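Chains A and B supply the protein sequences, listed in that same order. Start counting the first sequence at -8; every next residue gets the next number (the working numbering). Start counting the second sequence at -8; every next residue gets the next number (the working numbering).
It should be emphasised that the hints constitute simulated quantities derived from the structure, not laboratory data. One thing to keep in mind: the hints can contain errors.
Where chains are identical, the list cannot tell them apart; a pair therefore holds if satisfied intra-copy or between any two copies.
Pairs of lysine-lysine, DSSO-like flavour, derived with a Cα cap of 30 angstroms [what the hints assert, rightly or not]:
hint, residue 1, residue 2
1, Lys29, Lys4
2, Lys66, Lys19
3, Lys146, Lys344
Bear in mind that the values here come from a model prediction, so they are computed numbers and not experimental data.
Protein chains: 2
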Amino acid sequence: MRTAKPQFESLEKCLSDHLPPKELAEVKRILYGKDIPKLDINVETKRLAEEHDFEIQSYNFEANVEQLRAPRIVKIGLIQNQIVLPTTSPVKAQQDALYNRIATLIKAAASCGVNILCLQEAWTMPFAFCTRERLPWCEFAESAEEGPSIVFIQKLCVQYNMVIVSPILERDNNNGEVLWNTAVVISNTGHVLGKHRKNHIPRVGDFNESTYYMEGNTGHPVFQTHFGRIAINICYGRHHPQNWLMFGVNGAEVVFNPSATVGDLSEPLWGIEARNAAIANSYFTCAINRVGTEVFPQEFTSGDGQPAHRDFGHFYGSSYVTGPDGSRTPGLSRTRDGLLVAQLDLNLCRQMKDSWGFRLTQRLDLYAKSLTEATNGDHVPQII
Amino acid sequence: MRTAKPQFESLEKCLSDHLPPKELAEVKRILYGKDIPKLDINVETKRLAEEHDFEIQSYNFEANVEQLRAPRIVKIGLIQNQIVLPTTSPVKAQQDALYNRIATLIKAAASCGVNILCLQEAWTMPFAFCTRERLPWCEFAESAEEGPSIVFIQKLCVQYNMVIVSPILERDNNNGEVLWNTAVVISNTGHVLGKHRKNHIPRVGDFNESTYYMEGNTGHPVFQTHFGRIAINICYGRHHPQNWLMFGVNGAEVVFNPSATVGDLSEPLWGIEARNAAIANSYFTCAINRVGTEVFPQEFTSGDGQPAHRDFGHFYGSSYVTGPDGSRTPGLSRTRDGLLVAQLDLNLCRQMKDSWGFRLTQRLDLYAKSLTEATNGDHVPQII
């Protein structure tokens, strides 16, 4: 897909290009925290990235050495990508093209030794919910247990000994054939470990998702994988700190945030919310956004007083990882497909709990009580 | 007070000095959101600032024009300052010097037409809780109803028709003479409207505050002032999204965050947390930090394996205001006393609720239930 206008490539690249080294170090410290060192990328992966035109970055989050616990090292991968074929192509052709592209990116992740990988929100399709049209978009929906993308991903999980989080448009065939926005967790043995349905559904700008599916009914599950405890906060859920909070309460060490979000609407918030969640909950967060401008056959309006149009604006990529100490990697490109690899020492989560003490001091009992009172129908706010 | 080492003056100044205009605009958009225009500062105020050596900045947060509601314009002021006398001076002399300095800064705020002003955390004293010494620091504590700083501020409120939030070290003379970290809200008629006690108390680095006072018992009050509904999230409470949430649930339109925080520990988080809260809760937030390095007569340790020492590190100022749309002002200086004035149209709060819909979609009933379950003694986390 072509982008509608030339796009600014990357915040971090711009700063590196223009600031003197001493000032750059201070700006990076204030903006991003402790410097996260880069990891070397092997020749095979570099070759793949060049041949298939995607960006690759790799970083290393270290923790202090402890006496009684060995380091708990895990490599995670985040993939951001454009759709491959025009949205006017046959559904099956669009799916196959995406499977093919993702297979290449996952191969690169495997070649970097990634243990747990997460794809972007609804990666199997264009983000067509802007249109409010039912066809052909609902045809992309599939079973979260045995749909075609599940079968496709299961094979890769086994092949690469990799846990993969696969966010799809789910059709719940056993319960009224309704749709859900769902992330499926597939284990490194190829089994569907479980799924999580998006808890908070937007009705803003072109995000007409409430036309298609309801608020999730799966709570805040944490998945105990072979490599660590993970959870998924899907897209718009990142605006809700209480959603992030519950994944922490249930013991998550890494929370993925597969998203699809555009330009002026959300970009100034992008660096804030997933990072705030990592700090407040002493876990790693992984913000993933798709890339490019998607153009649709049907015209749609945005509820902003402007004429009907056919494109969704620019999905700005910029996927990044934040540590429980608030330090973060640079973002991937705003315009290119990319793979971000981060090696984590999960021991850092508990180390931050012990030093900052946010879990110790969070007074959840107070908030359980206050929120229970606040959601009584006859609640009177505490106004003086 | 002198700073221990030369300090970087300001993130925003550094970016403006080095980036070309086009790149600067894009970097500012991604980092800070919609551009917040400056307001003119009158000659009298500029003269005061020059004569008394403090920075002054003024910004204007605008909202859309509505048909049925007139704009609700309020001017708020944030003051950040160093202590005036060495911490070895007599208590009364330190207090008087601070009153004198603050009187000048409040005079400048009045001259800008400020309606609601907030001072920094425990503004009446050095931030001596690092020392864990009782004397002379507990002598700075005072009644929140009739202590000397209350009487001093009440006069200024009446003189300038200004609501002032005054964060002090409280001694509750009627209840066991215990200490609290308290923000007192004094109305523009000079009455004590009420108080809020800090909800979350740190035990990290040099922040040994739990030695002195307990977690607040005043809930999450919102104060209906003549100029708008305000609340106060004191210092370490900014790390807790659920604390910010409850002030929103109770109807706050502006939440002040009077703080005292230093250097490497928190500076990379400073731009994240108050801003995330403004976004998530559709209100304005005002982050205020003190300035300078405070040196104490008693030696103390930081629990970081380093030798005992006498200074608290650098309080980096950088006070700023964020709107409910996530856009923010630049920070005040990292090194100088300052007054930040922001004109707000409070209508922006509801406008953001209507467009982003975060209040609509926050599912508080789900979290009331989940947190109640999670705080039962026999709770089993949702782990799959």
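Okay, the hints, checked on the actual structure:
In this homomeric assembly, Lys29 and Lys4 come within 30 angstroms of each other (Cα to Cα) both inside a single copy, at 15 angstroms, and across copies, at 28 angstroms. Only within a single protomer do Lys66 and Lys19 lie at most 30 angstroms apart by alpha-carbon distance; the minimum there is 24 angstroms, versus 33 angstroms between protomers. Taking identical chains as interchangeable, the C-alpha atoms of Lys146 and Lys344 are never at most 30 angstroms apart, the minima being 37 angstroms within one chain and 44 angstroms between chains.
Consistency note: the structure conflicts with earlier hint 3 alone.
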